[in-house]
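> Here is how the chains run, residue by residue.
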Amino acid sequence: MHQPNRRDLIRTGIAGTAAAGAMLWDAASAEADILGDAHGDAALLERLVGIEQLIAFAYDHVIARIPLSAKAAAVLRKFGSQEHEHVGQLSRALNALGHAPPPPPTDAASVSRRLTALHGSGSLTSFQRQVGALEYLIGIETVAESAYYSATSKLSDPSLVALAAGILGCEAQHWTSLEELLHPGDVTQSVPYSTVHG
Amino acid sequence: MVSRRQLLSAASAAGAGAVLAGCGGASVTGLPSSVLEADVHTLNRLIRAEYFAVGAYVAGIPLLSGTDVVIAQQFLNQDMSHIEDLAEIVRKTGVKPYATDQVYDLGRPRDRGETLALLHHAEQVTLRAYLDAIPRLSPGVVKATAASLFANDAQHASTIRGRLGLAPVPEAVVTGNA
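Quick note, the sequences are listed as chains A and B, same order.
Residue 72 in our numbering sits at position 72 of the first sequence; the count goes up by one each step and never skips.
Just add 198 to wherever you are in the second sequence, counting from 1, and you've got our numbering.
One chain only, chain A, in its complex shape (with noise of 0.2 Å):
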C-alpha cells in the first residue's frame, strides 16, 4: 500500500493536525530506510549510485518522451544534468574505495519498476503531459533527499558526508523549483518545511 507522503497530506487537507503529525512522521521514518542495510561508505555509495542512475534516466526520459513548454525543458535539461554529474561524481568516489559502479539501468520499464518500489506511487510509463511528469518528478526528487538524508547519518568519511550533504541540497532545490513551476511564487508549496528529510 501507497504510504501517504507529505505531499499527499497536503493534497488532502490534513496537514497540520496530530494525527498528520502521527502520519507525517511514520511516513518520514519508513522513507529514512531507503538506503535499506546497506552498511559501510562502499556499500553506501553504491546504493546511491544505483538512485541516481534511475533520477538521472527518468529525467532524460521525461525529457524525450513529453511535450514541455520552452521554460520547462530548459530547467528539466539543467536538473537532468546535474543528476548525471551526480552519478559521475559518486561513481568517482565508489571507484576510489576500489568499487565499480553498477551498470546503468537501459529501458523505461524496469527504471519505472524500481523507482515505484522506493516511492510507492506513480509510474514512469503513465503520464503524456507535463503537469503529471512534473509531479512524477517531484515524487522522485523526494526520494533521493530521503536518501541523502539518511547518507548524511550513515556515511563515514567526513569528505563523503560532506558531498552527500551537498548534493541533499541541491535535489532540495530541484524540489523547489519543480513545486515553483507547478504553482509560481506560492511559496507555500515550493518550500512548505523548515526540515527537508524526504
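Any given hint might turn out to be false.
On the chain B side, residues computed to face chain A include the following (Cβ under 10 Å) [to be verified]:
(1) Val268
(2) Ile269
(3) Leu347
(4) Asp351
None of these hints come from the bench; they were simulated from the model.
Where is the CB? At the ideal position from N, CA and C, for every residue including glycine.
Mind docking chain B on chain A? Use the hints.
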C-alpha cells in the same frame, strides 16, 4: 543595524509561525542524549549563523513588498525554527545554547535588488557554516538533522536567486559559494 531587541521581537513574532512550520518537518524528538560536548561548540556556531540570517530578514523585510514579503516572512519563520531545533539539541547536553547579543551591520540596501542580494548573501553564509559543521558532528542523527536544516536553507537561497532573476540551481553540489 539590527539589534538584539529587534531579533528578540522577531523571535516572538515568528514563534507561532515557526511552530506551524515545524509541524510538517522533522523535529529533534528522539535524538539520543549522547550528543558530545565537542558538538556543542559546532552547534552553537550554527545557531550564530542562523541568527545572522534572521537579522538579515528582520532588516530586509520592511524594504520589500508583495510576494517578496510573503516569501521572506516564511523564510524568517523557518530560520527561527532552525535556531530552536539546534538549541534543543544543545540543551540535551546541559549546556545553554548560544543567544545572540550581537548587533549586525548589514549595510544599507537601497532597493529591492540590494535587499534580496543581502538575504541571498546571508543564506550563503549559513550554507557554508553548515557544510563546515556537518562532517564534524558526532552522532549520525545529529548530522542528518543539521543536513535537513541545511537543505531547507539551500531552498531559501534557490528561491531568492529566482526572485533576483538568477539560475535557481546553479551547481550540482551546493557549496554556499554560488
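> Under the criterion of a CB-CB separation shorter than 10 Å, is Asp351(B) in contact with chain A as hinted?
holds (8 Å)
> Checking hints one by one. Is Val268(B) an interface residue toward chain A, by the C-beta closer than 10 Å rule?
holds (6 Å)
> Given Ile269(B) was flagged as interface, is its beta-carbon under 10 Å from a beta-carbon of chain A?
It holds, given that the least Cβ distance between Ile269(B) and chain A is near 5 Å, below 10 Å.
> Under the criterion of a CB-CB separation shorter than 10 Å, is Leu347(B) in contact with chain A as hinted?
Leu347(B) check passes; min Cβ-Cβ to chain A is 6 Å, inside 10 Å.
The structure agrees with every numbered hint stated previously.
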